[in-house]
Amino acid sequence: GAVVSQHPSWVICKSGTSVKIECRSLDFQATTMFWYRQFPKQSLMLMATSNEGSKATYEQGVEKDKFLINHASLTLSTLTVTSAHPEDSSFYICSARGGLGRLVPRYNEQFFGPGTRLTVL
Amino acid sequence: AQTVTQSQPEMSVQEAETVTLSCTYDTSESDYYLFWYKQPPSRQMILVIRQEAYKQQNATENRFSVNFQKAAKSFSLKISDSQLGDAAMYFCAYRGYGKLTFGQGTILTVHP
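Heads up: the sequence lines are chains R and L, in that order. Mapping of the first sequence onto the numbering used here: position 97 corresponds to residue 98, and the numbering continues sequentially without gaps. Mapping of the second sequence onto the numbering used here: position 62 corresponds to residue 212, and the numbering continues sequentially without gaps.
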């Protein structure tokens, strides 16, 4: 099946610093990537949707200047949490959807990365 | 806007028994997909089963099957012969023309 990787799997940073999380589709071209945030024992909350080569579309209430998303290629999207604060501590999950390349995911299915645990001290 | 409701925050089942997780949704779209995802303690989202709304036949994947009632907008997941490895948080999800919408999740505990 299609594989989505995320790096790093966990990160601890000091308040005020910026953190970048990478999301890669390893064996297919992801025309669309999604970034989610999840608190313990809660559902996934969509933060933004990005299409390759264009600006991300943010969900209501998500600060686009704080959560910078770049989808520069069909296999890579990055989420940068700028000037992180303790309330940004969370589990961040990326997901990719596509239809081009060696493997065509069925039904325009979304494939999920393993997530990144961010802890801001 | 589409909504997905899982009314069971927690469920438990004995190993080898059967359990059913409930899900209802609300939509005005005519063409859509429904999914059940499993999120084990590793937190990797795993697709368990999918159902296309235009298909009347309920989807089945080994021990997992759904009861799709389109008129009632209900989409329950039945897990047969439950195994310890089935313990996880399960999310029902809807996708029409827009984004994937998740329910609140149901934590499933499997007792040996």
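If you are wondering where the hints come from, they were derived from the structure by calculation, not from laboratory data. Because the structure is a prediction, the values reported are computed rather than measured. Where hints are given, some of them may not hold.
As the list claims (entries may be wrong) - SDA-like, lysine to any residue: derived pairs with alpha carbons at most 25 angstroms apart:
(1) R/K21 x L/T155
(2) R/K42 x R/A73
(3) L/K249 x R/V121
(4) L/K223 x R/P9
(5) L/K249 x R/T76
(6) L/K249 x R/V12
(7) L/K249 x R/S74
(8) R/K21 x R/S10
(9) R/K42 x L/E179
(10) R/K65 x R/A3
(11) R/K42 x L/D176
To be verified - Residues from chain L that face chain R, not an exhaustive set, calculated with beta carbons under 10 angstroms:
(12) V154
(13) M161
(14) T177
(15) F185
(16) Q189
(17) R193
(18) Q194
(19) I196
(20) L197
(21) R213
(22) K220
(23) A243
(24) T251
(25) F252
(26) G255
(27) I257
Ideal Cβ positions, reconstructed from N, Cα and C, are used throughout, including at glycine.
To see whether the hints hold, each was checked on the structure:
no., hint, in the structure
1, R/K21 x L/T155, "violated (33 angstroms)"
2, R/K42 x R/A73, "violated (32 angstroms)"
3, L/K249 x R/V121, "violated (29 angstroms)"
4, L/K223 x R/P9, "violated (39 angstroms)"
5, L/K249 x R/T76, "holds (20 angstroms)"
6, L/K249 x R/V12, "violated (28 angstroms)"
7, L/K249 x R/S74, "holds (21 angstroms)"
8, R/K21 x R/S10, "holds (12 angstroms)"
9, R/K42 x L/E179, "violated (29 angstroms)"
10, R/K65 x R/A3, "violated (29 angstroms)"
11, R/K42 x L/D176, "holds (23 angstroms)"
12, V154, "holds (9 angstroms)"
13, M161, "violated (14 angstroms)"
14, T177, "violated (17 angstroms)"
15, F185, "holds (9 angstroms)"
16, Q189, "holds (9 angstroms)"
17, R193, "holds (5 angstroms)"
18, Q194, "holds (5 angstroms)"
19, I196, "holds (8 angstroms)"
20, L197, "holds (7 angstroms)"
21, R213, "violated (19 angstroms)"
22, K220, "violated (17 angstroms)"
23, A243, "holds (9 angstroms)"
24, T251, "holds (8 angstroms)"
25, F252, "holds (5 angstroms)"
26, G255, "holds (5 angstroms)"
27, I257, "holds (7 angstroms)"
The structure fails to meet hints 1, 2, 3, 4, 6, 9, 10, 13, 14, 21 and 22 from the earlier list, while all remaining hints are met.
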